[in-house]
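Peer 1: The listed protein sequences correspond, in order, to chains Z and X.
At position 196 of the first sequence (counting the first as 1) the number is 196 in the working numbering, and the numbers step up by one without a gap.
At position 194 of the second sequence (counting the first as 1) the number is 1194 in the working numbering, and the numbers step up by one without a gap.
Keep in mind the hints are simulated off the structure, nothing from the lab.
Treat the hints with care, since some could be wrong.
Straight-line Cα separation of at most 25 angstroms, DMTMM-like style, residue types lysine to aspartate or glutamate; simulated pairs [to be verified]: (1) Z:Lys365 with X:Asp1164; (2) X:Lys1167 with Z:Asp612; (3) Z:Lys231 with Z:Glu255.
Now for the letters of each chain:
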Amino acid sequence: MITKLGTARNADVEVEEPGGLERVVAEVLFERPQADQSPWLLVVPSGPPSMSRVYESLLTVADGITGTRGSLEEDGTDASPAVFVSGLYDTRDGGAESLLVVRSWTTLALNRSFSTGERVLDLLSGVLWRVAGAKDAELFSSARWACLARPGTTVLVAEGSSSVLEVPAAHEVTEDRASSGGGVVQVIDTSTEAHPDSQGGPSTLHVVRIGAYQVAARRAPSRSRAVARQKAACQAGPAKLLAEQRVAWASRWAEADVEVVGNPELTSSVRLALFHLMSSVASSGEAAVGARGLTGPSYAGHVFWDADVFVLPFMAATHPRAARAMLEYRIRRVPSAIEAASTLGRRGARFPWESAHDGRDVTPKSGVNQHGEIVPIRTGELEEHITADVAWAAWQLASWSGRWRFLEGPGRPLLVETARYWASRARLDNAGVGHIESVTGPDEYHENVNDNAFTNQMAAWNLARAAELVERTGAAPELDEAIQWRVLSEALFDGYDPGTGRHEQFAGYDDLQPIFLSELGPVPVAADLLLGHDGVARSQIIKQADVLMAHHMIPDALRPGTLERDLDFYLLRTAHGSSLSPAVYASVLAREGRLDEALSFLDLTQNIDLDDVTGTTAGGLHLAALGGLWQAFVLGFAGVRVSSPDAEALVLDPHIPTQWRELRLKLRWHGRRICLRCRSDAVHVACSTPLKVRLGDGEPVVVRPPEAWVEREASRPLSQGRGKEVLR
Amino acid sequence: MSSKNQEVSQPLVVVAAAAEDLEDFELLVTDVARALELVPAPELVAREEGSEKAIEKLLAMASSVSGPLLVLPARHHAGAMPDRAGKARGVVARMRRVLIPSDGSEEVAAETRALYRRFTRVGVHVTMLHVMTENNMPRMWEGSGHHAAAWFDELRRRHGAAPDVLKVVSGEPGHELRVQAGAADLVVLFWRHDSRAGHAAVIRSLFARGIEVPKLLVALEWMEGHVSAGHVPEPSAGSG
């Protein structure tokens, strides 16, 4: 006899299928993948308690709206179970906004913890599977997922012996409010049945829990909508929801996969990265993508340049709707950015270093150091390159999609107002050279510097691109303004020193103490902890890619021939104290054909979270490093160049290590789906519509669907600084 | 010397230079034994505090026993304090404040956490000390503020410590420990039961510079088999 122990309160939302819950649960759990070496699976054994929160971050399931950490169902003292809702922030104790944390839907009452068993995150379907207990005597198993096909809907299916699993609550409705006035309603129904053991042992409990989150950013969330969505999901049932989940994820992977043929471990790492990137960004509305996405509470869910520079390009190249949602977040906060600029006596829009709900700067003015002492934080005041980074992100979407429409319409302020800011921020000296003073570049070891090469180059690029846009669509007096932007863009000092043939990171950098990283140990190394805040400031040791960040982001805007010299110089001085740095070096080294070095940085990048290199993965995954990993493959090893919406050909310059048989990429470019199989001497291109492709500096060739090989012309590698893109 | 838990047969080896030292530290020895559920087994060792020979002898002794070794400071180092009867004599110490240094490794963090639970259960205030060195610092450090807060929070949670229990300093571990030990009644020193040259460097450093605080040497191997395996409830948030 089956005992119905707990069901949803309303009979019409109860999961009702022939054979009862036992069959429903069995149908789902039957699909559990067998743990093997598949590069689609992340297998996590029962680990030490110290790793539990790292695993929770790595095993997060999310759908762009909600992210649920991969806590064990029984939680326990080592767990940090939480659900994060994209874009909802809470103000705690009168302090700054932090990502709202709502109660997790994954908790079940298990009366013991298990030292054996494993969890498997299936990247292909977005399902987290678990078995617990001895291999031949499993006491508990479960499957959970966040429905990509129905964002905001969650499913947990579980089976366990009544000796370990207690009957969970049947029906829960909770509401959490954000400081913005918005909030989220969570409706969860749990159905449980007990099936007796024919041998007289403990019975088996079968559990199905289906939840729905209804989110509203600025007003009270609708409870009735939450109930309706939850009801619809219950009526579909777990098996159908799982089938939908497989289709939804397959659709995303069809346009985003990266495969390193001959290296399944690397393939697995990059797929894990892409999985979490795709999970963290909504496909509609606005997407506030925090530094840790929806995987953890660290960095308070604040939006940094990590989103615009490291995450967005992947979205633009694989799922433009998500990139558009990320930019919508910035567009809606242009008024705040204009207000911020105005407060400082500037024109245009100044985007904040850290942003949350309303777009005002939420960068803390102080924070703790490693000893728990309070120290000043000046990034909000000084790290102004974020303003050009936002403009660059908007240009990225247009360049990948091949459409000006976004920039001419809603995206226009992201270029024009930012250019207006730089025009009022820069100063022309008597010789007509432009300077930007008192900033901090990406290298935060050196604060408050003048003429940071990266900031100046990005500002110059921002001014030139805004001028280009206005020249296409503008009218007087904006056209007059655009002429000034062009002039200033040309005038801004780019840090280039003809004496050394490279860029000086900022005015006076070359006079600093010339310490090499080799004196401190192998990279990465936390040089500021070793030498102290003032010690690194006095030295040439830099935290992360700075001049090389410009080579990475705007390669065509830098002087030809400078990449090699800048690489040789800064490689010896970069500590890679930031998780953002190794991927950038991997990318530019690959472009230069220095593949062994590039592989070393690629290896470091892929392990930042898997090996918890920063000691903070427990607080969430480093989304920028995950996005950087993708960029290293696509922009570095495959050498894809995306510089303008007007580009007539997809430009590639692959440098593929001999250890890899092939690098396979799936992308969208100018509205087409593209599959690339990259080798150093040729690329196999499959495309949905005819596509012009150029390898290196070779002549463009037209590839007609479905596919063709494009051979490299042996003596013509791609060089820097092509035509009009060169600023000086 | 007595124990309130006579059912447990595991010994707590207590090393003192003289019988008077044992008497002076009787209450502390009792407290430690109670927290660890062990029976004190006193050993008198005539030793010259701080000499290399004495340190090697102590380490050899520590190596020869599997369980914890409580080393009491020689009486002539201890300041005169009134006992419960108000009579001036040596140190009548109780175990109220314990300092547990941790190198932050997974193994030591787990055992620190286990001892923290034990000591907290018997009402002892524990301070954990993490000395950040170039050998144990994170390889990447994004900076003060968000990163430092996240790193500290995770370090604290790995040690099972309430926010005010874990202290982080940077420097040479032996020196930092000596600085912090002055405020403790007992310093717990985990070690890997290896007294060969090049090992137990912090312990050697502490004994060589002679801090006048009782020291409890605990082998990690012993912890794994005894204290960690025990089911001691976690202290609730804010305890300790």
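Peer 1: If you check each hint against the structure, which ones fail?
Peer 2: 3
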